[in-house]
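First residue of the sequence shown? That's 6 in our numbering, and the numbers climb one at a time after it.
Derived by calculation from the structure, the hints in this document are not laboratory data.
Values in this document were obtained by computation on a predicted structure and should not be read as measured data.
Worth double-checking, as some hints may not be accurate.
Under the rule of at most 25 Å between Cα atoms (straight-line distance), these lysine-lysine pairs were calculated in the BS3-like manner [stated by the list, open to error]: (1) K193 with K68; (2) K111 with K68; (3) K90 with K36; (4) K90 with K111.
Have a look at the derived ranges for each label pair, beta carbon to beta carbon [claimed, not checked]: (5) K111 with D212: 17 to 27 Å; (6) I84 with A229: 34 to 44 Å; (7) E82 with S22: 29 to 39 Å.
We put the beta carbon where it would ideally sit given N, CA and C, even for glycine.
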Amino acid sequence: MNKSVAQAVEERLVQVSAGSVTLEGNLSLPKESRAIVLFAHGSGSSRHSPRNRYVARLLNEAKLATLLVDLLTLDEEVIDARTAKLRFDIELLAERLVAATDWLAKFPDTQQFRIGYFGASTGAAAALVAAAVRLDVVRAVVSRGGRPDLAGTALMHVRAPTLLIVGGDDVQVIELNRAALAQLRCEKQLVIVPGATHLFEEPGALDEVARLARDWFHRHLVLARDTP
């Protein structure tokens with residue numbers, strides 16, 4: 006990322022109220038941004054995920070604001086590290102994501118922004134469930150190596166244009182994404198990145214994910230806003 010661009014993006018720590026808990030988040034607001042992408046982490050990940058932070062930096066470079074928020078509290082993360090149950094509690098994760106969405110809609114610096122979701126692993130399911138709850142607020146969804154199938158019947162109610170990105174060598178997850186794609190009734194696309202595994206650790210794989218996400222969000226959050 007260009008150093009001048011990086012210096013122009015201020016990242017601040019924010020606290021997001023979600024029912025009885027407070028969630029920690031990192032909010033980045035590039036100059037001239039008019040849309041924001043809310044990241045939904047999953048499978049034991051957090052706002053410190055190097056992969057999601059990498060994607061967020063590229064989105065910032067494209068003048069898209071980002072909010073990376075922990076959907077679990079520190080105490081819950083300790084429990085999840087031991088049981089691995091909360092990461093699959095899609096209802097809980099979606100409720101937290103809805104709360105973060107409502108926070109963005111009220112926060113002075115973001116209340117005029119169009120909102121999109123970027124979900125990874127089980128966070129992708131939470132993103133789709135939340136998108137089905139906030140139909141008139143969430144304008145685009147991108148899933149990276151996600152489990153959209155775990156969104157269940159919510160898939161049929163999603164209106165936001167949805168992009169599913171899966172690694173070409175992530176065979177089982179490809180089939181799960183194809184099944185989910187068939188249930189979606191919105192604008193939708195499945196992109197398979199050749200040679201990539203589940204975490205997109207291969208050279209250039211995550212760059213391709215970031216490029217695809219950037220283009221999808223630019224089209225549906227930025228250009229769509231400018232269309233009469």
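Now the hints, each set against the structure:
1. K193 with K68: At roughly 24 Å apart (the allowed maximum being 25 Å), K68 and K193 satisfy the hint.
2. K111 with K68: holds (21 Å)
3. K90 with K36: Cα-Cα ~39 Å, so violated.
4. K90 with K111: Since the Cα atoms of K90 and K111 sit roughly 31 Å apart, the hinted pair is violated (cutoff 25 Å).
5. K111 with D212: 17 to 27 Å: Distance hint for K111, D212 is violated at roughly 34 Å.
6. I84 with A229: 34 to 44 Å: holds (40 Å)
7. E82 with S22: 29 to 39 Å: violated (18 Å)
Violated hints for the displayed structure, listed by number in ascending order: 3, 4, 5 and 7.
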